[in-house]
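Once you have looked at the hints, place chain B on chain A.
So the sequence lines, in the order shown, correspond to chains A and B.
Position in the first sequence (first residue = 1) + 10 = the numbering used here.
Position in the second sequence (first residue = 1) + 10 = the numbering used here.
Please note that the accuracy of each hint is not assured.
Because identical chains share one entry, a pair is satisfied inside a single copy or across any pair of copies.
In silico DSS-like links for lysine-lysine, alpha-carbon gap of 27 Å or less [unchecked claim]: (1) K22 - K219; (2) K219 - K119; (3) K195 - K94.
I should point out that these hints are in silico values taken from the structure, not numbers from a laboratory.
There are 2 protein chains.
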Amino acid sequence: MTIANTPEIAAKIPETMPDGTPLKPLSRVILDRRATSHFKPDPVPQEYLNAILQLASQAPSGYDLQPWRFIVVKDEQNRRRLQKAAMNQAKVGEAPVVIIAIGMKEETKRRADEVFQEAAQRGADNPDAVQQHERQAMDFLEHIPMNVWLNRHVMIAFTTMMYAAEAYGFDTAQMEGFDPAAVKKGFGIPDEAEVVALLAIGKMRPPDKPYPGRFELDRIAYRERYGQPWT
Amino acid sequence: MTIANTPEIAAKIPETMPDGTPLKPLSRVILDRRATSHFKPDPVPQEYLNAILQLASQAPSGYDLQPWRFIVVKDEQNRRRLQKAAMNQAKVGEAPVVIIAIGMKEETKRRADEVFQEAAQRGADNPDAVQQHERQAMDFLEHIPMNVWLNRHVMIAFTTMMYAAEAYGFDTAQMEGFDPAAVKKGFGIPDEAEVVALLAIGKMRPPDKPYPGRFELDRIAYRERYGQPWT
Numbered sequence: 011m012t013i014a015n016t017p018e019i020a021a022k023i024p025e026t027m028p029d030g031t032p033l034k035p036l037s038r039v040i041l042d043r044r045a046t047s048h049f050k051p052d053p054v055p056q057e058y059l060n061a062i063l064q065l066a067s068q069a070p071s072g073y074d075l076q077p078w079r080f081i082v083v084k085d086e087q088n089r090r091r092l093q094k095a096a097m098n099q100a101k102v103g104e105a106p107v108v109i110i111a112i113g114m115k116e117e118t119k120r121r122a123d124e125v126f127q128e129a130a131q132r133g134a135d136n137p138d139a140v141q142q143h144e145r146q147a148m149d150f151l152e153h154i155p156m157n158v159w160l161n162r163h164v165m166i167a168f169t170t171m172m173y174a175a176e177a178y179g180f181d182t183a184q185m186e187g188f189d190p191a192a193v194k195k196g197f198g199i200p201d202e203a204e205v206v207a208l209l210a211i212g213k214m215r216p217p218d219k220p221y222p223g224r225f226e227l228d229r230i231a232y233r234e235r236y237g238q239p240w241t
Numbered sequence: 011m012t013i014a015n016t017p018e019i020a021a022k023i024p025e026t027m028p029d030g031t032p033l034k035p036l037s038r039v040i041l042d043r044r045a046t047s048h049f050k051p052d053p054v055p056q057e058y059l060n061a062i063l064q065l066a067s068q069a070p071s072g073y074d075l076q077p078w079r080f081i082v083v084k085d086e087q088n089r090r091r092l093q094k095a096a097m098n099q100a101k102v103g104e105a106p107v108v109i110i111a112i113g114m115k116e117e118t119k120r121r122a123d124e125v126f127q128e129a130a131q132r133g134a135d136n137p138d139a140v141q142q143h144e145r146q147a148m149d150f151l152e153h154i155p156m157n158v159w160l161n162r163h164v165m166i167a168f169t170t171m172m173y174a175a176e177a178y179g180f181d182t183a184q185m186e187g188f189d190p191a192a193v194k195k196g197f198g199i200p201d202e203a204e205v206v207a208l209l210a211i212g213k214m215r216p217p218d219k220p221y222p223g224r225f226e227l228d229r230i231a232y233r234e235r236y237g238q239p240w241t
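Just chain A, same shape as in the assembly:
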């Protein structure tokens, strides 16, 4: 087994931005984040890219099945190829790193037994109930459309990755405008995969995008039942 442990991971995670600035609290990270339109060519240091991926890998998932995979595209020619498959969006070619986030329909099931055995070894599951829990998980996956479930889960890790990058002072752009077939073909991605989203990471080339606004809470949050305004 090659599954990591959090203290080992924590030891590898930088506690400041690359220039030594302390990390912003999450509340500020969320409020300051904008989808970046243009990037400078400055690279994301490898230590930080590693940390961003490590943190994304620690996201939660149903039955801990971790159906997400990330293809990290840094090579300039590859980014240009990806740009062509992504409605020619300039930021794909400009950003020093673009992550292709995918979900695996079949591999997720093939790795399930390993996940359940590991959880039991770590005391996170009752060893006597592992087989039953594994059957429950497989049964759950049989009864939900896998593309829905994969999108649901890949976005947990994707969002974790986006905020991790922003917390370290990088800028990001999330994208869903791409041709999944072309992305699969161009990057050796198997047919069984669902291509979910792209995340560009780097440093913004100003000006930043203005805040486009959000609905007030009363229009998206309800008290006790649908339609009853929150406040």
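Relative to chain A, chain B alone:
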């Protein structure tokens, strides 16, 4: 228009935990978070629940369409009803707050024009291109299965909410084990909605769940193309 502005929101967002402790950096929030099995009855202070919802509402979405809605269930009888619709999971009845996260298929389209007009007014879109961008967005939504797209997007705001709650020192449990039809019926949710996930928020009743493990980066992250290990 009743769309908020970030400085106004920032003014309402607490900068510490309820006991005055400074917020943990996001890296620690991510590494320390576990799915909570049992909750104490202690309530989540209203100021913090508001902040958690506000932060979730600031998540990004394609074309800023914000298809997410949140039903905040605090009433004990309602939580028991929700528990029954959620495979009788004890934590639903125990946690002082459970959020039902849903996505709206039709309402999202009906509100699109308002979103595009607001973005243009705020300088986030070219007023002369609003109609064209709106047509592009509607065309995009016609060509993607809406349940896939809603799950993708609702999870961005849902994940934002989870980390916001954890950053403020609360514990969370994300759940996808429920009967969507029963949840809709029990909470007045329209047919057009997609029920995506539940989030319980409160304070953990120890012991915390052991870390179940995660795949090493080499097994989920690839360099330049699928299958080429990251490190």
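Between K22 and K219, at a C-alpha cutoff of 27 Å, which is it: within one copy, between copies, both, or neither?
-> This pair counts as between: shortest inter-copy Cα distance 23 Å, intra-copy 33 Å.
Which holds for K195 with K94 at a C-alpha limit of 27 Å: within a copy, between copies, both or neither?
-> within (12 Å within a copy, 45 Å between copies)
Since the copies are identical, ignore which copy is meant and state whether K219 and K119 lie within 27 Å (CA to CA) inside a copy, between copies, both or neither.
-> Cα proximity of K219 and K119: across copies only (23 Å, versus 41 Å in one copy).
Of the numbered hints listed earlier, not one is contradicted by the structure.
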